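**Q** Protein chains in written order, with the numbering used here: chain A, 1 to 167; chain B, 1 to 424.
Treat the hints as calculated values from the structure; they're not laboratory data. Since we're looking at a predicted model, the values are computed, not measured. Mixed in with the good hints, there may be bad ones.
Among the chain A residues that face chain B by a calculated CB cut under 8 Å, a handful are [what the hints assert, rightly or not]:
#1 Asn-15
#2 Gly-58
#3 Asn-60
#4 Cys-63
#5 Glu-68
#6 Ser-86
#7 Asn-94
#8 Asn-97
#9 Leu-100
#10 Leu-149
#11 Ser-150
#12 Arg-151
#13 Arg-155
#14 Leu-159
#15 Asp-160
#16 Lys-161
BS3-like cross-link-like pairs, simulated, lysine-lysine; straight-line CA separation at most 27 Å [to be verified]:
#17 A:Lys-124 - A:Lys-9
#18 B:Lys-397 - A:Lys-50
#19 B:Lys-28 - A:Lys-75
#20 B:Lys-80 - A:Lys-29
#21 B:Lys-162 - B:Lys-28
#22 A:Lys-85 - B:Lys-397
#23 B:Lys-28 - A:Lys-34
Covered by chain A, according to a simulated footprint, are these stretches of chain B (three or more residues, beta-carbon under 8 Å) [what the hints assert, rightly or not]:
#24 184 to 196
#25 313 to 326
#26 379 to 391
Where is the CB? At the ideal position from N, CA and C, for every residue including glycine.
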Amino acid sequence: MDIRGKVFKYGDEVNTDVILPGRWCHLYKPEDLKLHCMEDLDSHFAESVKDGDIIVGGNNFGCGSSREVAPLAIKSCGVSAIIAKSFARIFYRNCINIGLPIFESPEAVDGISNGDEVSIDMAKGEITNNSTGGIFKFVPFPEFMRDILSRGGIRDYVLDKLKETSA
Amino acid sequence: MGMTLTEKIMASHSGESQVSPGEIINMKLDIVMANELSAVLTFDILENWGVDRIFDPEKVCLIPDHFTPNKDIRSAAISKTVREFAHRHKIKHYYEQGRAGIEHAVIAEKGLVFPGETMIGGDSHTCTSGALGAFATGVGSTDIAAALLTGDVWMRVPPTIKLEYNGKPKDYVHGKDLIIYTLSQLGTSFATYKAIEYTGNSFRYFSIADRLTMSNMSIEGGGKNGIFAVDDITVDFLKRTERYKNAPEDIVMIKPDDDAVYEKHLVFDISDLEPQVAFPYSPDNGHPVSDAENIQIDQVVIGTCTNGWYEDMKLAASVLKGRKIHPNVRAIVIPGSVAVQQRCIREGLAEIFIDAGCVFSTSTCGPCIGGHMGVLGPEEVCVSTTNRNFVGRMGAKTSKSYLANPAIAAASAVAGRIAHPYEL
Numbered sequence: 001m002d003i004r005g006k007v008f009k010y011g012d013e014v015n016t017d018v019i020l021p022g023r024w025c026h027l028y029k030p031e032d033l034k035l036h037c038m039e040d041l042d043s044h045f046a047e048s049v050k051d052g053d054i055i056v057g058g059n060n061f062g063c064g065s066s067r068e069v070a071p072l073a074i075k076s077c078g079v080s081a082i083i084a085k086s087f088a089r090i091f092y093r094n095c096i097n098i099g100l101p102i103f104e105s106p107e108a109v110d111g112i113s114n115g116d117e118v119s120i121d122m123a124k125g126e127i128t129n130n131s132t133g134g135i136f137k138f139v140p141f142p143e144f145m146r147d148i149l150s151r152g153g154i155r156d157y158v159l160d161k162l163k164e165t166s167a
Numbered sequence: 001m002g003m004t005l006t007e008k009i010m011a012s013h014s015g016e017s018q019v020s021p022g023e024i025i026n027m028k029l030d031i032v033m034a035n036e037l038s039a040v041l042t043f044d045i046l047e048n049w050g051v052d053r054i055f056d057p058e059k060v061c062l063i064p065d066h067f068t069p070n071k072d073i074r075s076a077a078i079s080k081t082v083r084e085f086a087h088r089h090k091i092k093h094y095y096e097q098g099r100a101g102i103e104h105a106v107i108a109e110k111g112l113v114f115p116g117e118t119m120i121g122g123d124s125h126t127c128t129s130g131a132l133g134a135f136a137t138g139v140g141s142t143d144i145a146a147a148l149l150t151g152d153v154w155m156r157v158p159p160t161i162k163l164e165y166n167g168k169p170k171d172y173v174h175g176k177d178l179i180i181y182t183l184s185q186l187g188t189s190f191a192t193y194k195a196i197e198y199t200g201n202s203f204r205y206f207s208i209a210d211r212l213t214m215s216n217m218s219i220e221g222g223g224k225n226g227i228f229a230v231d232d233i234t235v236d237f238l239k240r241t242e243r244y245k246n247a248p249e250d251i252v253m254i255k256p257d258d259d260a261v262y263e264k265h266l267v268f269d270i271s272d273l274e275p276q277v278a279f280p281y282s283p284d285n286g287h288p289v290s291d292a293e294n295i296q297i298d299q300v301v302i303g304t305c306t307n308g309w310y311e312d313m314k315l316a317a318s319v320l321k322g323r324k325i326h327p328n329v330r331a332i333v334i335p336g337s338v339a340v341q342q343r344c345i346r347e348g349l350a351e352i353f354i355d356a357g358c359v360f361s362t363s364t365c366g367p368c369i370g371g372h373m374g375v376l377g378p379e380e381v382c383v384s385t386t387n388r389n390f391v392g393r394m395g396a397k398t399s400k401s402y403l404a405n406p407a408i409a410a411a412s413a414v415a416g417r418i419a420h421p422y423e424l
């Protein structure tokens, strides 16, 4: 799975309230969520993001609420990946579970600017900034999570487990 | 090798005699909880997966509390979906609006999770139950869907950070002040992927409510959970639960091993600590209340899952008794549960609140997430006993929230600006 897109870059502590404000937490369908994504951080994001684009953030990306509609809103906009210096725990789990690729790489974040074009090679574990030529490593996923991501989310893992226990 | 509280519970729920940080385990769950907003997405996921079953309807708890009483038609439809699901699957712990309260208060009050047990909830403040010696953590709707099917969840065993608080607190200093101070020293991600274990002699001076507030806000430091060992203060609380009446033997006096290994052990002397206020826009932006010079306010919220316990209501009422809310301020009091609300009525606290000019509300998460029942308008400023003050959290993007304990919030409501009760 290769990823390539234009970067929307933000700072530290991008919390789930600004990704999807509480006032929209009674939405859960992708077509509704995408209209309000990043609303309180970047009011132009939802109208300008294109399929395949990449979000880059600083430390503790996705902190705050457990609302899965936050990563779902990002995925609904067509975003192909998030690169950050670090991720909050529940957000990290939610992304793996819904099959939204996320990458931890402080070096890449420092070496990428807003608007750059970036590609990610999952197999090589590399992030390339095509606008500057910079190449960065990302922290590899544990095998267990790589398996979930490669299957597009946790669904098959759970359904296989169910079959095992009922067999 | 000895184990921390969190490691002990994880070991006992994964069939291991010993677990160590970093290991991935399959953890059995004693209760799986969701509110209406996390539940409705969970049901959508289950439908997409093509499965319609529950591992054990006695171990599931569904509580519509966020946008209830239904704030609009869309919210009403969501609550309806949750209600129908609960009835169809014969969910034992489904609690209707007006009959229980906010999920984290209800779980604790009814004894749905006891010391040494495990729970996950589709809400980040599920960690509240750590105050009772349980392992409790928040997850998203997909994890809830998986847990509803299998009754377990994958977890990475976290390293534990021990936070020790010693010394006698000054008047009007509470659990809320300890946690805001801790966050101001350590930041919003010091405990990411980690367990927090709270201890120290200061907790002899505090009630169970202070512990519940601190466990509640463990997620604000990134914590996977925030847990306390069980002592006589915990037991006094547990004895009032419905579960204790039927199964007193369920109380386990869980403690960490003497030779448990902690990643870090930090010690705070709180004897000189002032009440703390977290300024916008982060819970770790803590300052002593005396730093808040002439900050005019429009609204005060007292209660919810962070500070909606009976002791919190009593503290706020002690400040408001015989006083009036400032003419420029709306004050909204929200008990965490119906049981707390009833006790407020029985013991005359409700009258104090209403006489002072407060809205005395039914239990709801409403204003904390900018949902309803007290949403902030443009440029408005609020002092709130809730847990987060991010941009736009309680309403308009240009509104501001300051987080504080119930005494500071009550004093501020009277003064019309952020104030210590001593200033009244």
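**Q** Out of the numbered hints, which ones does the structure contradict?
**A** Violated hints (numbers, rising): 2, 9, 10, 11, 12, 15, 19, 23 and 25; every other hint is consistent with the structure.
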